[in-house]
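Sequences listed follow chains A, B, C and D, in order.
Mapping of the first sequence onto the working numbering: residues 1 to 194, in sequence order.
Mapping of the second sequence onto the working numbering: residues 195 to 285, in sequence order.
Mapping of the third sequence onto the working numbering: residues 286 to 431, in sequence order.
Mapping of the fourth sequence onto the working numbering: residues 432 to 532, in sequence order.
Heads up, a few of these hints could be off.
Once the Cα atoms are required to be at most 20 Å apart in a straight line, the calculated EDC-like pairs of lysine to aspartate or glutamate come out as [stated by the list, open to error]:
id : chain 1 : residue 1 : chain 2 : residue 2
1  : A       : K122      : D       : D459
2  : A       : K122      : A       : D151
3  : D       : K519      : A       : D147
4  : D       : K523      : A       : E17
5  : D       : K519      : B       : E250
6  : D       : K523      : D       : D459
7  : A       : K110      : D       : D459
8  : D       : K519      : D       : D459
9  : D       : K523      : A       : D147
10 : A       : K38       : C       : E347
11 : A       : K110      : A       : E149
12 : D       : K519      : A       : E17
13 : A       : K122      : A       : E149
14 : A       : K116      : A       : D147
15 : D       : K523      : B       : D226
16 : D       : K519      : A       : E149
17 : A       : K116      : A       : E149
18 : D       : K523      : A       : E149
19 : A       : K122      : A       : D147
It should be emphasised that the hints constitute simulated quantities derived from the structure, not laboratory data.
One-letter residues, chain by chain:
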Amino acid sequence: MAAKTTAPSTHSRKRAEIVHFVFLTSALFVFWFILSGKTEARYLIIGFVTALAITVAARPLLILPPDQGRPYWLSLWDLPWPRVALYIPWLIWQIIVANIQMAMIILHPKLPVDPKVVQFRKHISHPVGRLALANSITLTPGTITLDLEEDGYTIHCLQGGFAGGVVAEDGEGVMPAKVGAVFGVEPVSTTRQD
Amino acid sequence: MYYVFLALAVGLVILSVIVFFGRVIPGPSVFDRLTGILVIGTNAIIFLLLLGAMDERLGMYVDMSMAYAAIGFITLLVLGKYFERKGDVDR
Amino acid sequence: MRKSFGSIILNVAFRHLTPFLMLYGVYVLVHGHYGPGGGFQAGALLGLAVVLVQMVQGTRAEWRIGVSGGIILACLGALIYLAIGLAPFIWGGNFLDYGVLPIAATPAEARALGILGIETGVTMGVMGVIIVMFDLLTRDNGEREE
Amino acid sequence: MTYLAVFFLVAGFFFILVGTVGVLRLPDFFTRMHAVGKCDTLGMLLCLIGLMIYEGASLVSLKLLYIWVFLLMANPTATHVFCRAALKCGLKPWTRMEGQG
Chain A
1 MAAKTTAPST HSRKRAEIVH FVFLTSALFV FWFILSGKTE ARYLIIGFVT ALAITVAARP
61 LLILPPDQGR PYWLSLWDLP WPRVALYIPW LIWQIIVANI QMAMIILHPK LPVDPKVVQF
121 RKHISHPVGR LALANSITLT PGTITLDLEE DGYTIHCLQG GFAGGVVAED GEGVMPAKVG
181 AVFGVEPVST TRQD
Chain B
195 MYYVFLALAV GLVILSVIVF FGRVIPGPSV FDRLTGILVI GTNAIIFLLL LGAMDERLGM
255 YVDMSMAYAA IGFITLLVLG KYFERKGDVD R
Chain C
286 MRKSFGSIIL NVAFRHLTPF LMLYGVYVLV HGHYGPGGGF QAGALLGLAV VLVQMVQGTR
346 AEWRIGVSGG IILACLGALI YLAIGLAPFI WGGNFLDYGV LPIAATPAEA RALGILGIET
406 GVTMGVMGVI IVMFDLLTRD NGEREE
Chain D
432 MTYLAVFFLV AGFFFILVGT VGVLRLPDFF TRMHAVGKCD TLGMLLCLIG LMIYEGASLV
492 SLKLLYIWVF LLMANPTATH VFCRAALKCG LKPWTRMEGQ G
């Protein structure tokens with residue numbers, strides 16, 4: 001499958017590699033400092049060396065398989081952070097709504113469940129976007145992601161009515177549209193995954 | 195007042211885990227039983243954190259619960275893979 | 286662990302979780318004498334991180350250690366443990382008596398370093414054993430180590 | 432501040448208990464995963480927020496925040512992996528038949 005985005009040149013890939021390296025090392029080092037909380041030189045040095053070593057070791061993990069085009073960096077650095085930051089409060093609100101609905105169904109004496117499996121398709125180029133969409137579906141009203149193949153999502157709905165959140169009669173549901181708007185618009189330096 | 199509440203909360207977590215055995219023991223398929231690991235795992239994290247808050251040593255207990263969360267997550271995945279391959283759900 | 290496992294969701298999630306899991310394992314190892322844990326927990330965490338990678342990616346895993354590699358790692362860990370444990374004999378100490386080792390200025394420092402070395406040995410041993418166990422457990426039917 | 436922390440903890444425990452009741456009452460594995468995947472996750476998250484408020488601004492709160500993010504990512508992933516494994520195993524989703532309660 002060809003990459004949707006324009007393939008970056010060797011030069012920009014080198015640059016992306018360096019940015020990724022620095023970003024992951026500093027993220028790990030900050031994580032170490034939060035964990036350890038010690039400012040003695042010995043612990044800071046051990047932390048820095050460990051962060052560096054893990055970044056080097058984890059380097060192949062964060063490259064997507066090169067069999068479909070060239071390798072791309074799968075880094076948290078790439079995310080469209082401003083839009084993600086706007087998305088998260090909305091997601092949390094949806095989770096709260098979902099849980100109140102779940103509580104009402106579960107505590108209802110008649111247990112009004114009517115499960116149903118639906119499928120829909122949605123293309124999101126960024127892998128983290130797919131993760132976000134699938135996990136958002138799992139966390140929000142009455143739906144769980146059962147399977148995800150290529151672009152096809154299989155959703156288990158607790159009640160038929162809940163399917164409206166992800167698949168609408170005309171066009172796409174609220175959730176895929178929202179996640180697609182967050183992740184899909186900007187061409188990010190990632191390709192499709194096998 | 196806070197400590198009374200924390201003690202109550204610890205009691206509630208233990209109650210929740212005990213009630214959950216009502217699903218783990220009869221559970222028709224093996225996956226129903228595995229949900230027990232998921233739920234009891236999350237409850238155990240909360241349990242450890244509440245004990246830490248009661249003990250005024252939350253820092254130490256946070257470390258423990260983090261290790262527990264990580265190990266529980268991976269163990270769950272390994273079990274899921276094992277049973278997916280085996281393919282018999284009525285054990 | 287030949288076939289890969291999980292869908293794209295797991296495949297994306299584990300890539301971001303693994304480095305932090307490894308770092309947490311090293312933290313538990315280094316700060317073992319301040320909080321809970323130490324060698325065994327650190328070994329479990331590091332080993333499970335490798336198991337996660339092998340399990341999700343199958344044969345194409347980047348960190349493929351496998352059964353023989355795990356056994357070598359475990360033996361190496363035991364060797365380190367024994368070497369550091371027996372080293373004090375040379376300077377006239379007891380087994381695991383690191384205070385006499387000439388590796389630091391004060392006996393207390395030497396003891397701290399010795400404990401770190403011992404814990405590293407334990408970590409490697411546990412890590413190797415866990416990798417071997419999970420590799421055998423999640424192996425497909427009739428599959429053999431080549 | 433203590434009251435706010437207690438409020439979050441109470442809300443969290445309410446959802447954890449609802450999740451447990453749901454797992455006992457719902458008819459099949461997939462519907463039970465709804466209870467587990469949603470209610471338990473939110474219950475945990477609310478409890479952690481309560482503890483964070485109780486702890487105040489410190490490194491321990493940051494560690495709690497790390498657990499928070501980890502759970503927000505790991506719990507739905509685990510739920511999904513389980514559902515997928517069960518589906519691959521041949522577990523059929525339960526549906527409400529005609530004439531059944």
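Here is what the structure says about each hint:
1. For the hint pairing K122 (chain A) with D459 (chain D), the CA-to-CA distance comes to about 28 Å; that exceeds 20 Å, so the pair is violated.
2. For the hint pairing K122 (chain A) with D151 (chain A), the CA-to-CA distance comes to about 5 Å; that is within 20 Å, so the pair holds.
3. At most 20 Å may separate the alpha-carbon atoms for a hinted pair to count; K519 (chain D) and D147 (chain A) meet this at roughly 10 Å.
4. Between the alpha carbons of K523 (chain D) and E17 (chain A) the distance comes to roughly 45 Å, so the proposed pair goes past 20 Å and is violated.
5. For a cut-off of 20 Å, the pair hint linking K519 (chain D) to E250 (chain B) is broken: about 46 Å separates their Cα positions.
6. As the CA atoms of K523 (chain D) and D459 (chain D) are separated by approximately 9 Å, the hinted pair is consistent with the 20 Å bound.
7. With a C-alpha separation of about 16 Å, the suggested pairing of K110 (chain A) with D459 (chain D) holds against the 20 Å cut-off.
8. Distance hint between K519 (chain D) and D459 (chain D) is fulfilled; the C-alpha atoms sit about 16 Å from each other, no more than 20 Å.
9. For the proposed pair K523 (chain D) and D147 (chain A), the alpha carbon gap of about 14 Å is at most 20 Å, so the pair holds.
10. Our distance criterion of 20 Å between C-alpha atoms is broken by K38 (chain A) and E347 (chain C), whose separation comes to about 33 Å.
11. Under the criterion of a C-alpha separation no larger than 20 Å, the hint pairing K110 (chain A) with E149 (chain A) is inconsistent with the structure, at around 36 Å.
12. A hinted pair counts as satisfied when its Cα atoms are at most 20 Å apart, and K519 (chain D) with E17 (chain A) does not qualify at roughly 38 Å.
13. This hinted pair checks out: K122 (chain A) and E149 (chain A) have alpha carbons roughly 11 Å apart, not beyond 20 Å.
14. Under the criterion of a C-alpha separation no larger than 20 Å, the hint pairing K116 (chain A) with D147 (chain A) is consistent with the structure, at around 14 Å.
15. For the given pair, K523 (chain D) sits about 13 Å from D226 (chain B) by alpha-carbon distance, which is consistent with the 20 Å threshold.
16. Between the alpha carbons of K519 (chain D) and E149 (chain A) the distance comes to roughly 13 Å, so the proposed pair stays at or under 20 Å and holds.
17. For the hint pairing K116 (chain A) with E149 (chain A), the CA-to-CA distance comes to about 19 Å; that is within 20 Å, so the pair holds.
18. The suggested pairing of K523 (chain D) with E149 (chain A) holds, with an alpha-carbon distance near 19 Å, which does not exceed 20 Å.
19. Between K122 (chain A) and D147 (chain A), the direct Cα distance comes to roughly 13 Å. Compliance with the 20 Å bound is thereby established for this hinted pair.
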